[in-house]
Amino acid sequence: MEEVAERRGARPLAFLGDSQRRARILTFAAFALILLVLIVFEGLHDVLQTSINGLSLGAIYALGAVGLTLVYGILKLVNFAQGDMLAFGGYIAYLANVTWGLPFAVAAILAMVFVALIGVVYERGLLGPMRERGAGILQLLLISIGVAFILRAIITFIWSTNFKQLDVNRTGTKEILGLSIGDTQLMVIVVGVSVLVAVGLLLRYTLLGKRMRALSDNLDLAETSGINTRQVILITWIFAGALAGLAGVMAGAITDLKPEYGFALLLPIFAAVVLGGIGDAFGALFGGLLLGVVIELSTLVIDPKWKVTIGFAVLILVLIIRPQGLLGKARTV
Amino acid sequence: MTEAAASAPAGAPAESPNVLEARDVRRSFGGINAVQGATMSVRRGSITALIGPNGAGKTTFFNLITGFYKLDSGSVYFDGQAIGGLPSYKIARLGMVRTFQITKALSRMPVIDNMLLAAPDQPGESLFGAVFRPLATREREREITEQAHELLASFNLDKKANDYAGTLSGGQRKLLELARALMAQPRFLLLDEPMAGINPTLGARLLEHMQRLRREEGVTFLFVEHDMDVVMSHSDHVVVMAEGRVISEGTPDEVRADRKVVDAYLGGELDDVSEGGE
Amino acid sequence: MDTLVLGISTSGFNLSFWVGVGVIAGIYAIVALGLQLNVGFTGMDNFGMAGFMAVGAYTMAILTVDHDISFWLSLPLSMLVTMGFGLLVGLPSLRLRSDYFAIATIASAELIRLVAQNAQGLTGGNQGIFCSDDFSRCYDDAWVKVSDTINGWFVDLGMSDPPSALPLLVVAWIIAILLTVALVRIQSTPWGRVLRAVREDEDAARALGKNTVGYKLQSLVIASAIAALAGWLLALNLATIHPTDYEPIVTFFGYSVLVLGGLANYWGVPLGAIFFWVLVEGTRTLEIFESESQQVALRLFVAGAVLILVMVFRPQGAFGKREEMMLGD
Chain P
1 MEEVAERRGA RPLAFLGDSQ RRARILTFAA FALILLVLIV FEGLHDVLQT
51 SINGLSLGAI YALGAVGLTL VYGILKLVNF AQGDMLAFGG YIAYLANVTW
101 GLPFAVAAIL AMVFVALIGV VYERGLLGPM RERGAGILQL LLISIGVAFI
151 LRAIITFIWS TNFKQLDVNR TGTKEILGLS IGDTQLMVIV VGVSVLVAVG
201 LLLRYTLLGK RMRALSDNLD LAETSGINTR QVILITWIFA GALAGLAGVM
251 AGAITDLKPE YGFALLLPIF AAVVLGGIGD AFGALFGGLL LGVVIELSTL
301 VIDPKWKVTI GFAVLILVLI IRPQGLLGKA RTV
Chain X
334 MTEAAASAPA GAPAESPNVL EARDVRRSFG GINAVQGATM SVRRGSITAL
384 IGPNGAGKTT FFNLITGFYK LDSGSVYFDG QAIGGLPSYK IARLGMVRTF
434 QITKALSRMP VIDNMLLAAP DQPGESLFGA VFRPLATRER EREITEQAHE
484 LLASFNLDKK ANDYAGTLSG GQRKLLELAR ALMAQPRFLL LDEPMAGINP
534 TLGARLLEHM QRLRREEGVT FLFVEHDMDV VMSHSDHVVV MAEGRVISEG
584 TPDEVRADRK VVDAYLGGEL DDVSEGGE
Chain F
612 MDTLVLGIST SGFNLSFWVG VGVIAGIYAI VALGLQLNVG FTGMDNFGMA
662 GFMAVGAYTM AILTVDHDIS FWLSLPLSML VTMGFGLLVG LPSLRLRSDY
712 FAIATIASAE LIRLVAQNAQ GLTGGNQGIF CSDDFSRCYD DAWVKVSDTI
762 NGWFVDLGMS DPPSALPLLV VAWIIAILLT VALVRIQSTP WGRVLRAVRE
812 DEDAARALGK NTVGYKLQSL VIASAIAALA GWLLALNLAT IHPTDYEPIV
862 TFFGYSVLVL GGLANYWGVP LGAIFFWVLV EGTRTLEIFE SESQQVALRL
912 FVAGAVLILV MVFRPQGAFG KREEMMLGD
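Protein chains in written order, with this note's numbering: chain P, 1 to 333; chain X, 334 to 611; chain F, 612 to 940.
So that you can see chain P by itself, here it is in the shape it has in the complex (with noise of 0.2 Å):
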């Protein structure tokens, strides 16, 4: 009795549970405050309209978070050649929508065919080999640079550093509940929501994802347990790969395609995989949408040209406070 009333005293808000769980009380707590104050002072027709905004942006993000973080997950690496596969996926649907003519949804899945490829000649040529050599961390992060920019250097080569847009309809909207949405808009929030959901329901409730997350949590032992883990990691690979081809895709549809786009998502990718605990897929996954609302939300308080920092703010502020995430569930940094 005594015991639980010390500890109680020692933490305030100790009724919430343990401190990660608290974590996310308090995180979608202070978001419902401030979207409570939005309303209020901007009204629910803006906030709402913004929102929408807010979620497809975060459909990308939270495409690109989740393969990061599964990767980070199981190999403990930051793959900063993330972003620039991202926008491989982005000029390959460029090549097939537009080049070839093909309609958008094959070229969306020539392009999550094709990166899911460059993931797995990502890890089996270079990764792989180099884990078995025993590399450090700074190595194969060095080396995820490297390929970031061979990547960025094919796309610049074969596509230049001109604009490109995908064959897509941008000027079409739907009015639903007073609210207009862009058509490409709501194909990316619907794609992007109904990828991730199956993603997640594959992850909690298959056999793969059961040993996916086995690998996570020590991938030593699940290799002693009889885990072929060879397989489990370039299947991750095959994940992270299609979810950033796919996301490539998704923000090619909403913006325009240049060399430097995949990286300049990299950061706020980052924000959302720490926002949900880095290595935990279902906290990417809310926390790409949470970041993806909450900087289409600031715009409505402050000047749009700052939207972009709000990102990097969330992130170091993030990490500053509380390293392990506020999403996702309790890892040690």
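Do not rely on the hints blindly, as some may be mistaken.
Here are the simulated SDA-like pairs of lysine to any residue, each with C-alpha atoms no more than 20 Å apart in a straight line [as the list claims (entries may be wrong)]: (1) P:305 <-> F:729; (2) F:932 <-> X:550; (3) P:258 <-> F:932; (4) P:164 <-> P:24.
Footprint (simulated), chain P over chain F, 3 or more residues, beta carbon under 8 Å [as the list claims (entries may be wrong)]: (5) 713-723; (6) 798-811; (7) 860-874.
Please keep in mind that the hints were generated in silico from the structure rather than gathered at the bench.
From the three backbone atoms N, C-alpha and C, an ideal C-beta is built for every residue, glycine too.
Guided by the hints, dock chains X and F onto chain P, whose structure is given.
Coordinates of chains X and F only, in the frame set by chain P:
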């Protein structure tokens, strides 16, 4: 908390016979209580063993009293001075130096640099001193280099002085870590499983060193050990932890006879008692 | 204003082109010396050098242009400001694990750059700071005078028409070499020994009474001062200060130079810088490609290939000791 606050003494007397006093030390991780109210003391000049089944919280306790983990509650006194909450490096500077269960040889530094690093009062360790007091720095460097070579020689490591520490064998690393800790001129040495992973010859030499240092330099030792033979024959006081608490204390014979200790080990892991002289 | 834009490649040997390459190499040698202190000797994967360079350059220019402080006084002042930023970035982030620290520093650098890009009033925003027609925003007048004087000496020495960037080349490399010597010397002191211990194992260093956070902070603050140096030189070289000059790629190129020269070896850094930039810029003199895009692509490709090849085949770099890479971790 109530207990800890109420029992806060007006500082244990400076000439207390105890070099270390830990009172009701607590720490939990994510809801699991790793150390839940450990109270113990270490007499000055003693070789005290800290034993207990795996998961008893011995290493966590070590980390708590040396400032590597933060205390949830409780108090720790070193030579009468309250050190709970002090950062680890300050505790070390007071003369309470620890080693680690998994040796932390500074691999990519020569053995001799490992030693010199530990020496206190080197003015050249501050940026200001390094730049503006080159003479004092060089003078001190000469002193401690000599000292380091002597110590290395007594541990049979002098031939390795200029090799990278990472090239040493496991046993040699253990010795280096002890020698390095001694360079810091500790009054109180805390060794976390000093015998683990080294061969019996080296182990015996390490024990001799401990005995000699206690005798000649008056160093007090607290060490975590699994080998019961070593504990029984080389310590004069034994503290037993189980499930995050101190369950028994006394001379080796008293502890051996304590029913609670036997129960704790039987409830924990049998190997710990029986692994004996392996 | 004489802006040396690389990319004017003509066939045969072009002195002013190679002088330009030399200036860039000197600047990156300085950047990578700062990285060497952090990464090679303290074990801190600092990815924020570009941000500190920006702080140094912008502060120098803002003090000179907007506050009429002399160019020469603005140099130490801007260095102090940059060191303050180093402290600001380091204090909350030093406790983080190395990969988190990498992310935190790169994010801080980007935050700095984006603020520079958007705070028009202070930094000129996307326009940057440069000499406009009325010369009201010129920060490098004082330097141009010195530069002309130095070039006068070259003329006196019998050099007809010395390249305009030649004085900057001389100054950049004098700074780079002096800095190398200074860092080598400070590294050999007990202070440097503690840094290495922090790199090897922070817990062990703390258990031996070293205030590891303090040392890491010192290392980072010194590196930010070094970055300020590089930032001014870049600003003088380009004769403009623009947010895009301080993108993360600057830091990444710094890492390429660092690993080429080898970790934990200061003298490798200037050599690595020369090697890297001759490789990167030299490939364009081959005139394999015509379009500007393809030239950009080639540069990225070479930089990426350098990072990958060095890390795969010679992780200790050209001049590093093998043990430095292999005994760690």
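Hinted pair, alpha-carbon criterion (20 Å max): residue 164 (chain P), residue 24 (chain P). Please report holds or violated. 40 Å, violated
Stated coverage of the segment 798-811 of chain F by chain P [criterion: 3+ residues, CB within 8 Å]: With 0 residues in contact (Cβ-Cβ under 8 Å with chain P), the coverage given for the segment 798-811 of chain F is violated.
Does the structure keep residue 258 (chain P) and residue 932 (chain F) at a Cα separation of 20 Å or less? 41 Å, violated
Need the status of pair residue 932 (chain F), residue 550 (chain X): alpha-carbon distance at most 20 Å? 40 Å, violated
At least three residues with a C-beta closer than 8 Å to a C-beta of chain P: is that true for the segment 713-723 of chain F? With 8 residues in contact (Cβ-Cβ under 8 Å with chain P), the coverage given for the segment 713-723 of chain F holds.
Can the restraint linking residue 305 (chain P) and residue 729 (chain F) be considered satisfied, given a maximum Cα separation of 20 Å? Given pair residue 305 (chain P), residue 729 (chain F) holds - Cα atoms ~7 Å apart, limit 20 Å.
Are three or more residues of the segment 860-874 of chain F within 8 Å, CB to CB, of chain P? Holds, because 3 residues of the segment 860-874 of chain F bring their Cβ atoms closer than 8 Å to Cβ atoms of chain P.
Checked against the numbered hints above, the structure violates hints 2, 3, 4 and 6; every other hint is satisfied.
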